[in-house]
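Produce the entire structure from the sequences given, and follow the hints as far as they go.
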Amino acid sequence: MIWKENRENAYCEITPAILALKEQWEKKNYIDPRLYKEYNVKRGLRDEDGRGVLTGLTRVAEIQSYNVLSDSDGHERITPDDGVLYYRGIDCREIVTGSAKRGRFAYEEAAYLLLFGELPTEEQLQDFCVQLASYRTLPTNFFRDIIMKAPPKDLMNTMQRGILSLFCYDDKPNDIGLENVLRQCLQLLSNMPVLAIYAYQAWRYSQGESLFIHVPLPELSTAENFLRMLREDRSYTKLEARTLDVALVLHADHGGGNNSTFTNHVVTSSGTDTYSAIAAAMSSLKGPRHGGANSRVMAMMDDIKTHVRHWDDEGCVADYLTKILNKEVFDRSGLIYGLGHAVYTKTDPRCEVFRNYVQRLAKEKGRGQELALYENVERIGKELLMERQHKTALSTNIDFYSGFVYEMLGLPMELYTPLFAVARISGWSAHRMEELSSGGKLIRPRYECVEEHRSYIPMENR
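Just add 293 to wherever you are in the sequence shown, counting from 1, and you've got this note's numbering.
Mixed in with the good hints, there may be bad ones.
Taking lysine-lysine and the PhoX-like style, the derived pairs with C-alpha atoms no more than 25 Å apart in a straight line are [to be verified]:
{"hint": "1", "residue 1": "598", "residue 2": "620"}
{"hint": "2", "residue 1": "684", "residue 2": "616"}
{"hint": "3", "residue 1": "675", "residue 2": "620"}
{"hint": "4", "residue 1": "675", "residue 2": "598"}
{"hint": "5", "residue 1": "639", "residue 2": "335"}
{"hint": "6", "residue 1": "620", "residue 2": "684"}
{"hint": "7", "residue 1": "321", "residue 2": "335"}
{"hint": "8", "residue 1": "531", "residue 2": "394"}
{"hint": "9", "residue 1": "394", "residue 2": "656"}
{"hint": "10", "residue 1": "335", "residue 2": "734"}
{"hint": "11", "residue 1": "656", "residue 2": "598"}
These aren't lab readings, by the way, just hints derived from the structure by calculation.
Now the structure itself:
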């Protein structure tokens with residue numbers, strides 16, 4: 294009876310019983326870190342030199358970030374190099390610059406390339422955009438019945454619930470034939486921005502804000518529709534739309550080994566449906582170690598703005614960054630977020646492309662002083678980190694600037710990671726189809742059990 298009367302509060306309460314069970318868990322779940330070396334475990338599926346363990350083949354995307362040289366004794370030596378990100382063998386920077394010269398938005402072109410392996414002709418691109426526009430609509434009453442029910446605490450979870458709910462509206466949800474999966478992927482690619490914006494509007498409404506819903510227009514690009522649906526007055530500048538479009542292109546894919554795409558491969562290899570595979574990838578992307586990094590950069594920069602009195606004084610900036618590295622201030626993690634990358638060693642090509650748009654947008658928005666602070670933190674922070682880590686090169690992650698750009702675009706922080714998903718759905722779709730067509734085996738790595746064998750003890754003897 295007590296449980297029924299206080300069910301809402303009791304459901305989330307950490308009770309003494311839970312604490313006792315947690316202590317019991319801790320007694321029997323410690324693994325000595327030395328065992329990982331003894332068993333030669335590739336923690337994080339990475340070799341000792343930091344390179345990822347080769348677990349599959351792909352034609353979708355490729356990352357180049359270092360050179361491997363062999364000395365006279367045959368030992369390999371890794372040397373840093375400028376990073377390059379290829380989509381289907383084409384440098385992603387060329388996709389951005391090529392479309393800019395022709396005055397086109399590039400995300401749809403990049404999505405076509407990732408999915409079908411070739412750059413589209415003008416007619417193919419137009420037909421592709423028309424196809425996407427025809428799918429960019431949710432089922433009748435979907436917003437009311439699915440998105441507005443249970444106000445979201447996190448937009449990524451709301452989007453996942455929406456994706457899984459779309460399964461119920463599909464006449465062939467479990468059909469994993471390539472033509473059906475392609476249809477499902479294109480529909481999700483079209484509706485991901487709609488799900489993100491509508492989830493945000495539902496969240497705003499739950500916070501007491503006015504509710505306004507703008508439907509997407511078929512003649513607009515993904516970036517244009519995103520800004521149009523987000524803003525109450527539906528207005529945006531050319532530079533704003535172009536900058537968001539570039540961000541979508543640069544986040545569209547990052548090879549088969551990034552955490553969310555690998556999750557997609559693993560789940561797809563089980564033969565499950567498209568909605569479940571994409572929702573699983575979303576679960577991975579939501580994690581702060583993956584898709585939420587730019588939010589940490591923004592929080593760090595807000596802290597620096599508050600505590601560094603003179604933004605243009607390099608000494609003041611260096612002193613505070615040193616305190617961050619010494620775990621004395623901010624979140625005491627000892628990390629300068631946005632500097633360094635798990636794969637890129639010298640430069641992140643996405644950041645190098647994005648930098649030009651950051652500068653242009655900062656000029657348009659009158660945010661030059663803040664941009665100068667970012668540039669100081671980037672330069673000084675890299676110097677401090679390289680000195681401490683004894684490195685000759687360190688890349689600036691695209692996440693270092695992307696949050697600043699999103700803020701200048703008027704995007705709320707709640708939409709930063711959902712926007713990542715809006716872009717990455719094209720890569721996830723391409724990798725899902727590739728896994729279905731050429732994977733052919735359930736992905737199942739091995740874990741070594743280090744628990745000792747023992748006998749069952751009867752209840753009365755425990």
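Hint check:
1. Proposed proximity of residue 598 and residue 620 is supported: the alpha carbons are some 18 Å apart, at most 25 Å.
2. Of the supplied pair hints, the one linking residue 684 and residue 616 holds, its CA atoms being roughly 20 Å apart against a limit of 25 Å.
3. For the suggested pair residue 675 and residue 620, the alpha carbons sit about 17 Å apart, so the restraint of at most 25 Å is met.
4. With a C-alpha separation of about 18 Å, the suggested pair residue 675 and residue 598 falls inside the 25 Å cut-off, and the hint holds.
5. With a CA separation close to 24 Å, the supplied pair residue 639 and residue 335 stays within the 25 Å bound.
6. Our distance criterion of 25 Å between C-alpha atoms is met by residue 620 and residue 684, whose separation comes to about 21 Å.
7. Using a Cα cut-off of 25 Å, the hinted pair residue 321 and residue 335 holds, with the two alpha carbons roughly 23 Å apart.
8. Restraint check: the Cα-Cα separation between residue 531 and residue 394 comes to about 14 Å, which is no more than 25 Å; the hinted pair holds.
9. Simply put, residue 394 and residue 656 have alpha-carbon atoms about 21 Å apart, close enough for the 25 Å limit, and the pair holds.
10. At roughly 21 Å between alpha-carbon atoms, residue 335 and residue 734 fall within 25 Å of each other, so this suggested pair holds.
11. Taking the CA atoms of residue 656 and residue 598, the gap is near 19 Å; set against the 25 Å cutoff, the hint holds.
Every hint, counting from the list given before, is met by this structure.
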